[in-house]
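Chemist: The lines below spell out each chain.
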Amino acid sequence: MSEFQNAIAQAAAIKAGKPSASALLEATLADIAARNPALNCFTAVTAERARSQAQAIDNAIAAGQDPGPLAGVPFAVKNLFDIQGLTTIAGAKLNQGNPAAAQNATVITRLQQAGAVLVGALNMDEYAYGFVTINAHFGTTPNPHDPTRMAGGSSGGSAAAVAAGLVPFALGSDTNGSIRVPASLCGVYGLKPTYGRLSRAGAFLFSSSLDHVGPMARSLPLLAAVYDAMQGPDPADPVCTQRPPAPVTPALTQGTGGLRIAQLGGHFERGMEPLVRDVLTEVLQSLAVSDRVEFPETHRARAAAYIITACEGSQLHLERLRQHPMAFDPATRDRFLAGAMLPAAWYVQAQRLRRWYRDRVREIFQHYDVLIAPTTPCVAPPLNQTTLEIDGETYPLRPHLGFYTQPLSFIGLPVLSVPSHRPGNLPVGIQLIAAPYQEAKLFRVAARLESVGG
Amino acid sequence: MDEHLSKPVDLAAYVEAMATALELTIPEEIKPGVVANVEHIFAIAQPVISFPLPDTVESAATFEP
Numbered sequence: 082m083s084e085f086q087n088a089i090a091q092a093a094a095i096k097a098g099k100p101s102a103s104a105l106l107e108a109t110l111a112d113i114a115a116r117n118p119a120l121n122c123f124t125a126v127t128a129e130r131a132r133s134q135a136q137a138i139d140n141a142i143a144a145g146q147d148p149g150p151l152a153g154v155p156f157a158v159k160n161l162f163d164i165q166g167l168t169t170i171a172g173a174k175l176n177q178g179n180p181a182a183a184q185n186a187t188v189i190t191r192l193q194q195a196g197a198v199l200v201g202a203l204n205m206d207e208y209a210y211g212f213v214t215i216n217a218h219f220g221t222t223p224n225p226h227d228p229t230r231m232a233g234g235s236s237g238g239s240a241a242a243v244a245a246g247l248v249p250f251a252l253g254s255d256t257n258g259s260i261r262v263p264a265s266l267c268g269v270y271g272l273k274p275t276y277g278r279l280s281r282a283g284a285f286l287f288s289s290s291l292d293h294v295g296p297m298a299r300s301l302p303l304l305a306a307v308y309d310a311m312q313g314p315d316p317a318d319p320v321c322t323q324r325p326p327a328p329v330t331p332a333l334t335q336g337t338g339g340l341r342i343a344q345l346g347g348h349f350e351r352g353m354e355p356l357v358r359d360v361l362t363e364v365l366q367s368l369a370v371s372d373r374v375e376f377p378e379t380h381r382a383r384a385a386a387y388i389i390t391a392c393e394g395s396q397l398h399l400e401r402l403r404q405h406p407m408a409f410d411p412a413t414r415d416r417f418l419a420g421a422m423l424p425a426a427w428y429v430q431a432q433r434l435r436r437w438y439r440d441r442v443r444e445i446f447q448h449y450d451v452l453i454a455p456t457t458p459c460v461a462p463p464l465n466q467t468t469l470e471i472d473g474e475t476y477p478l479r480p481h482l483g484f485y486t487q488p489l490s491f492i493g494l495p496v497l498s499v500p501s502h503r504p505g506n507l508p509v510g511i512q513l514i515a516a517p518y519q520e521a522k523l524f525r526v527a528a529r530l531e532s533v534g535g
Numbered sequence: 224m225d226e227h228l229s230k231p232v233d234l235a236a237y238v239e240a241m242a243t244a245l246e247l248t249i250p251e252e253i254k255p256g257v258v259a260n261v262e263h264i265f266a267i268a269q270p271v272i273s274f275p276l277p278d279t280v281e282s283a284a285t286f287e288p
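These protein sequences, in sequence, are chains A and B. All residue numbers for the first sequence refer to the working numbering, where the first residue is 82 and numbers rise by one. All residue numbers for the second sequence refer to the working numbering, where the first residue is 224 and numbers rise by one.
It is possible that some hints are incorrect.
Derived Cβ-Cβ restraints for the label pairs, each shown as a range [said to hold, decoys possible]:
(1) A:Y476 with B:S273: 21 to 29 angstroms
(2) B:L276 with A:A119: 21 to 29 angstroms
(3) B:E281 with A:E129: 44 to 52 angstroms
(4) A:Q165 with B:E239: 40 to 48 angstroms
(5) A:P463 with B:E262: 25 to 33 angstroms
(6) A:N179 with B:P288: 28 to 36 angstroms
Coverage of chain B stretches by chain A, computed from C-beta distances (three or more under 8 angstroms per stretch; other residues unrestricted) [to be verified]:
(7) 238-249
(8) 253-266
(9) 279-287
If you're looking for bench data, these hints aren't it; they were derived computationally from the structure. Virtual Cβ for every residue (Gly too), placed ideally from N, Cα, C.
Turn these sequences into a full structure, and let the hints guide you.
Modeler: Given below as structure tokens:
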């Protein structure tokens, strides 16, 4: 793993020719071939196109050209991103008969322009409808820290591949927590940017009103560099912002002076395991946070996110549900069928509640810059666990994994899940939350936590 | 009190009617699971649909012509 600890330094070394991008790639491909059978992260390895790209980078360096800030850094993507020449399966057997993608997803193109080398596609819950990456068609991706436990989902292959050191960074998508939940359970950084900040063009959507894409990494500077490389308007995504890029890399050295930070209370301080509470307390203490604020009616916000997801996801798959209901993963099929049957008035009410909740939260961000909450209520649960017991209450495990993430993506706030690794314990994530388009503030706080070992 | 349907709904009949309207053919062996999921989401929906919103609050879905 150590060779990837600082992939930015790696990119600098590649630019100096030691090692070559091709040599690093071959080491990466060999590592994937050796360890992926047990880790089950990759559903496709794009060795030949990666070799061509790495050779092009080495050629550019030899010719005295700048191959970009991510020169030679290998990465992989959740298998709902279009990879030119491959069929985009989105975790579904039903998609395997689709034609190959004609072009790359916009974010893949931008990363390649920055010099990063795509090495493959990663496992996920079918059509992104899950928090566990237990997939009836493509198998379970176990947690690299303990293979008897869940990696989280739906971007579980992405988080596990990064945590295991198969790649230094990966891309995922997040509708209700699908980047942040697996980032928390696998112990890596996971960024869900502001809704519309990154182009989703070429990503197989789930619920367009709530879908985001974003990166995961073990290194905070690498996460920042990757995010910066992907920003920018894209006419191919109607949701993508017209705002110019707002790079976060400079924020890493700006400190937290002047930032108003508070704990997010109410809903976000209920129903967590003691270890998660301990980590949260430690983070709040290390940042000298004493204020606590609450978002109103968060249980309704979370429920509204559920309704929007169910309605939009089910409508997207309606024809497939008509033609091939039994070809769906049993874990998603019944939920998709049920979601197709909801009254339209409920969906519209949920969308109106979304605007109401956004307006209330905007008022709170007049007074604070960064809010802090846990990412998941628990560490990675055993693969066969179905309920969670906390403070004498019993919760159904799978939906409860999104308890703290779902109300935040509902209104598109930027959130960075920061990993905490306590010796002898499984990792757990803490969410840093900012007002829309204020990602730089998240990176300022994350850099501060990294510097104090939080 | 505002979190529950005021009258019980025959969800099995509801699923049958909606499946007909949507031209969905649901195999018998999975119908209980679908009905259970409809029941689950009906319960989830109550805090949303029971929440009074001012007439001036528009849907968050936007469209640029």
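Chemist: Determine for every hint whether it applies to the structure shown.
Modeler: So, going through the hints one by one against the coordinates:
1. Between Y476 (chain A) and S273 (chain B) the beta carbon distance is about 22 angstroms. The supplied range of 21 to 29 angstroms therefore holds.
2. Between L276 (chain B) and A119 (chain A) the Cβ separation comes to about 51 angstroms, which falls outside the hinted range of 21 to 29 angstroms.
3. Evaluation of the 44 to 52 angstroms hint for E281 (chain B) and E129 (chain A) yields a pass: the beta carbon distance comes to about 50 angstroms.
4. Taken as a hint, the range 40 to 48 angstroms holds for the pair Q165 (chain A) and E239 (chain B), whose Cβ atoms sit roughly 45 angstroms apart.
5. Checked against the hint of 25 to 33 angstroms, the pair P463 (chain A) and E262 (chain B) passes, with Cβ atoms roughly 27 angstroms apart.
6. Our hint of 28 to 36 angstroms for N179 (chain A) and P288 (chain B) holds, since their Cβ atoms are close to 31 angstroms apart.
7. Using a Cβ-Cβ cut-off of 8 angstroms, 8 residues of the segment 238-249 of chain B lie near chain A, which meets the minimum of three, so the contact claim holds.
8. With 8 residues carrying a beta carbon less than 8 angstroms from a beta carbon of chain A, the segment 253-266 of chain B meets the three-residue requirement, and the given coverage holds.
9. With 6 residues bearing a CB less than 8 angstroms from a CB of chain A, the segment 279-287 of chain B meets the requirement of three and the coverage assertion stands.
Hint violations for this structure: number 2 only, all remaining hints satisfied.
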